[in-house]
Amino acid sequence: MSKDKEPLQLGSSGDTLREAFGRAMTELAATDERIVVLDADVAGGTGMHHFRKAYPDRFIQCGIAEQNMVAMAGGLAAVGLIPIVTTFAVFALRAVEQARLSIAYTKRNVKIVASHPGLDVGPDGASAQCLEDLAAFRGIPGMTVLSAADPIEAGKAARTIVDFEGPVYLRTGRSPAPTVFGDDHVMQVGKGTQVIDGSDVTLIACGVEVARAVQAANLLREDGISARVINMASIKPVDRELIERAARETGAIVTAEDHNVHGGLGGAVAECLTETYPCPQEFIAVMDTFGKSGEPDELAERFHLTAPYIAEAAKRAIARKEGLK
Amino acid sequence: MNQSAIETLAETIRRYSLVSIHAAKSGHPGGALSCADVLAVIYGGELGPQGDEVPESERHRFIMSKGHACPALYAAWAATDLLDPSELTTLRHLEGRLEGHPHVGATPLAETSTGSLGQGMSVACGMALGARMKGWKTRVYVLLGDGELQEGEVWEALMFAAHHKLSNLCAVIDYNKLQSDDFNANIMGLEPLAEKLSAFGWNVIEIDGHDVGAIADAFDAYRGESERPTIVVAHTNKGQGVSFMAGKPNWHGSLLLTAEDLARSLVDLGVAEEETAAWIDGSLFERSAP
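Going line by line, the protein sequences match chains A and B. Numbering-wise (our numbering), the first sequence opens with residue 1 and increments by one. Numbering-wise (our numbering), the second sequence opens with residue 326 and increments by one.
It is worth saying that the hints were derived from the structure and are not from the lab. Honestly, I wouldn't trust all of these hints.
As the list claims (entries may be wrong) - Okay, derived cross-link-like pairs now, SDA-like style, lysine to any residue, Cα gap no bigger than 25 Å in a straight line:
(1) A/LYS107 - A/LYS53
(2) B/LYS459 - A/GLY166
(3) B/LYS490 - A/GLY63
(4) B/LYS462 - A/ALA135
(5) A/LYS53 - B/ASP593
(6) A/LYS107 - B/HIS418
(7) A/LYS107 - B/GLY440
(8) B/LYS462 - A/ASP41
(9) B/LYS459 - B/GLU381
(10) A/LYS53 - B/HIS489
(11) B/LYS459 - A/ARG34
(12) A/LYS107 - B/LEU408
(13) A/LYS53 - B/GLU336
(14) B/LYS350 - B/GLY440
(15) B/LYS350 - B/GLY514
Computed from a predicted model, the values in this text were never measured in an experiment.
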């Protein structure tokens, strides 16, 4: 709870998911005294510098020590506070076991909010580009896993996670991101959002891939293909009803995520399809490899996460659907 | 509770621990025996009233960070009327509440869930800081093993507690010099331990961890500290009280405690030979159950 002079700020320009979340959580804290924020010396980057400035007495500096920070959050929750644990996704990964034992097993009302997920991290390279967090946190019993798609949704997420009782892992984002939603957007645990209606194929995306899926749907429309786009912000629990309906009504699915192909959104959707309405699914994700330095859009191109790749995957899924007839 | 009553309580904790470990057919006797005196002082009065009826803001908290020694924790509860002693023989049973490592979801008295070393220390920091932020006068106690100090997380927590001046936090190290496979000194040496802890900014108190008077004095000193967190380095013997276990790494947890072993142990712990059978088959608990 440092009351020191405000240090040099990083990440304070541009409309990013992390900044939007940081502002929204700071605003929310005015009406809820239970909210405290934990930081591991990256508040300038996570957007929580807003909170640090507004509520120095409720801002808990943990130093560069994420394992202690995450387990300690369990202790803060045990006395009735709502700890918002903030760090970069790759450093949250370092404390997965602490999240498992001291937060999830103990059913503590702790929110882990990770900025800097995926290739969206950009120039810092593979060591900082967390491609495994959705899989790791999804594997913990009782852990809710969310990923915001744009600055609007990242802002809404502040209220969503505080209103929800129980442990949550939330991805925000590092880079300036296009806006997908209007101010009336609602983010709910367990619910996805249909962004565009369509009948030939459904593109189910999360995080920065939602805007790319919308672009892909526009490309497909030029080719006479009607693509539905769903933002699946709730990766666990996933919106099974929305996925099953998309499978029944369009018969072909593409999942798109800035994450490793194993264990993230694609895996969650595949698990659901297998149990409800099996249909062809194509995966847009990082193909079980590490990233590298580069600008986010260059990396998305290099690792085949951009709209044209999503559109190609949609055509493959549709061809497989036709082959089944 | 006077000193003699605390010593009797410690003896009961030792007996109960071994009876439950025998019934479970697995568990960690050595480290349960070494911390029995510390637990006797804590549950014999230092911790104050426990349970649901005590308001959250007034309840002091104890966390068993060395969760594998929980038979001693359950024994301490049973010996202080927080748990029905007949439940001790359900340790590690599928239908029981007494998990192989403490779980707050099964037994709220545990305060948190432990077993993965280092985490109880961090959770204790969170409780101590959170209680202070809420304006509570809560004291938080946490018991660590010596091998546990090899976890980096403990040193993160040591830095945190000193930096944030958590004077309401008291850690106790059950320094029995032995860990799972061998002596600390052969696995990863800890010395000079007191100097390290002192350099980390803690109020360090070094005592004989089997001297209940010294343990009580250490807690008195802790309660008088207003700036620094306190850490009690309690020098103990693994397997204390049972002649054939004392100082033997194997009794950390890898040996089955047979009925014969238990009978010998109970005699070492002051049970008359003709009464050991009633302890071993649990009939003693049934007689004493309310």
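message: Hinted pair, alpha-carbon criterion (25 Å max): A/LYS53, B/GLU336. Please report holds or violated.
response: 54 Å, violated
Given pair status - A/ARG34, B/LYS459, alpha carbons within 25 Å: Holds, at about 9 Å.
- prompt: Taking only the CA atoms, is the gap from A/LYS53 to B/HIS489 under or equal to 25 Å?
  reply: 19 Å, holds
message: Just to be careful, I want the Cα atoms of A/LYS53 and B/ASP593 compared with a cutoff of 25 Å; is the pair within it?
response: 62 Å, violated
message: Would the hint linking A/LYS107 and A/LYS53 be met if the CA-CA limit is 25 Å?
response: 30 Å, violated
- prompt: Given the proposed pairing of B/LYS350 with B/GLY514, does the C-alpha separation stay at or below 25 Å?
  reply: 31 Å, violated
- request: Below or equal to 25 Å on CA atoms is what counts here, so check B/LYS490 against A/GLY63.
  value: Roughly 15 Å between the alpha carbons, so the hint for B/LYS490 and A/GLY63 holds.
- prompt: Would the pair B/LYS459 and A/GLY166 pass a check requiring their Cα atoms to be no farther apart than 25 Å?
  reply: 21 Å, holds
message: For a C-alpha distance cap of 25 Å, please report whether B/LYS462 and A/ALA135 respect it.
response: 41 Å, violated
- prompt: Does A/LYS107 pair with B/LEU408 here, judged by a C-alpha cut-off of 25 Å?
  reply: 23 Å, holds
- prompt: If you draw a straight line from the CA of B/LYS350 to the CA of B/GLY440, is it 25 Å or shorter?
  reply: The given pair, whose Cα atoms are some 18 Å apart, holds under the 25 Å limit.
task: For the pair supplied as a hint, B/LYS462 and A/ASP41, confirm whether the alpha-carbon distance does not exceed 25 Å.
output: Distance ~29 Å between B/LYS462 and A/ASP41 Cα, so the pair is violated.
Hint check: violations occur at hints 1, 4, 5, 8, 13 and 15; the rest are consistent with the structure.
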